[in-house]
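Visitor: Protein chains in written order, with this note's numbering: chain A, 1 to 173; chain B, 1 to 268.
Everything labelled a hint here was simulated from the structure, so no lab data went into it. Where a beta carbon is used, it is the ideal one built from N, C-alpha and C, also for glycine. Please note that a few of the clues may not be correct.
[Unchecked claim] Some chain B residues close to chain A (C-beta under 8 Å, calculated; not the full set):
#1 Gly14
#2 Ala16
#3 Ile18
#4 Leu29
#5 Trp37
#6 Glu39
#7 Ala151
#8 Gly152
#9 Arg156
#10 Ala178
#11 Leu180
#12 Gln182
#13 Gln244
#14 Ala255
Here is how the chains run, residue by residue.
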Amino acid sequence: MQILGYLLLAGLALVLQTVLLPPFFPGGIKPDLVLLLTIWIGLRESPWRGGLLVYGLGWVYDAYAGTFPGLHGFVLLTVFLTVCGMATRLNTESLPLIWCLVGGGTLLQAALTVFAIEFFAETSRFWAVVLNCLPAQMLLNLLFAYLLHNSGRRCRQLADQLPPGLLPRRHES
Amino acid sequence: MWEWWKKNRSLLFGLALILAALLTYSLGLKDDGRTGWVEGLALRTGGPVLGVAAGARYSVAGIWDAVIPGGSSLDLDAESRRLRAEMAGIEELKRENDRLRRLLGFVEEHPRRSVAARVIAEDASSWFRTIEIDRGYEDGVTEGLSVVDAAGLVGRVVRSTAHAAQVLLITDASSAVAVLVQDERIRGVCRGQGGTLALDFALVQDAIQVGDGVITSGLGGVFPKGLVVGYVRSVHREQFGLFQTVEVEPAVDFAHLEEVLVLLKETP
């Protein structure tokens, strides 16, 4: 059930990134909601289950981003495992920490994409395109991380104000 | 040794997974130019959803533009807003008609078999430049075909499913087009740089000037000869060097691309 939820979120992120958000952001730059979802999964899931999910998600992302099959599978899996390795030591409710993760994730994603394309594919000056877009991409990712983090917190506050028994009880682990 | 293995087991598994993913990516690069089954499945499944979302986006954008011109008409009463929305619908149809008329003009100028397609999505990533169109191999749209609009060359089809296809734009960093500077007949290769194009292999003694037209040369057999690619935006000549640096502005406005033409294969 949780996996289905992640897949629906990924689908929504792709529709937003490919159709609904581009008119608002000129120059082809848009927030990378799939990366934000990957970081979020990294904070919540186990390496095996989350790793398989994110790798599959990367392949679907490849169908709508670029022309290199397997590229985003590799990039998102690496970002996920990095976040996963740090998740147990972090307070995931802290906004500055989320910003650090999103900022670091954006840089890691850009570096891995450039590495994978410049070293393995025949593409010239791809690094220049990435370098050109990176500041705006970073700002947008941080802004959307802030918006999503705040909306999540508001939703949880609203859910807590509802009368007891209206929502299914959360299992404490 | 056992202790070390137990301590670093997770890290080693993680590294092995990343290495396997990199290897799979590397092997996938040696493709035969056909659409892989994973991408095909994703495009087939997502195509209709994107089509519906794109239809909604275009309608809302058209109505929004007409109902709230510059945000100054927020106090219109309900009836006038309804009429404006109706007019916006008509205006949207008129604009679509104009665009299709221009495409038709292109078809008349370049008598080739072609099929019109609607742009339903842009690339999901900021690093790449591709679009999705609502025509696939059932309409004759297969990998490798050229895509144009009334202004000039848009790109080529790189993935195709039954009812949707992905087009690599000429502005993508992995795109290369064999070109001719129209007046001087100087050959070169235009490579994508995200927003503009770089004309490579133009010798320093070639007399290229700002504003010169750049067209496809037909070499390589990917794009037909004579399609407008763009116009020279800037030229830099170093004192010592074999080639000059030439920047080309694409003829097509990629930010407002809504309909395109796919040039089909000529039947023998």
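Visitor: Run every hint past the structure and note whether it holds.
Guide: Here is how each hint holds up against the structure:
no., hint, result
1, Gly14, "holds (5 Å)"
2, Ala16, "violated (11 Å)"
3, Ile18, "holds (5 Å)"
4, Leu29, "holds (6 Å)"
5, Trp37, "violated (10 Å)"
6, Glu39, "holds (4 Å)"
7, Ala151, "violated (18 Å)"
8, Gly152, "violated (18 Å)"
9, Arg156, "violated (10 Å)"
10, Ala178, "violated (15 Å)"
11, Leu180, "violated (20 Å)"
12, Gln182, "violated (24 Å)"
13, Gln244, "violated (16 Å)"
14, Ala255, "holds (6 Å)"
The structure shown violates the earlier hints numbered 2, 5, 7, 8, 9, 10, 11, 12 and 13.
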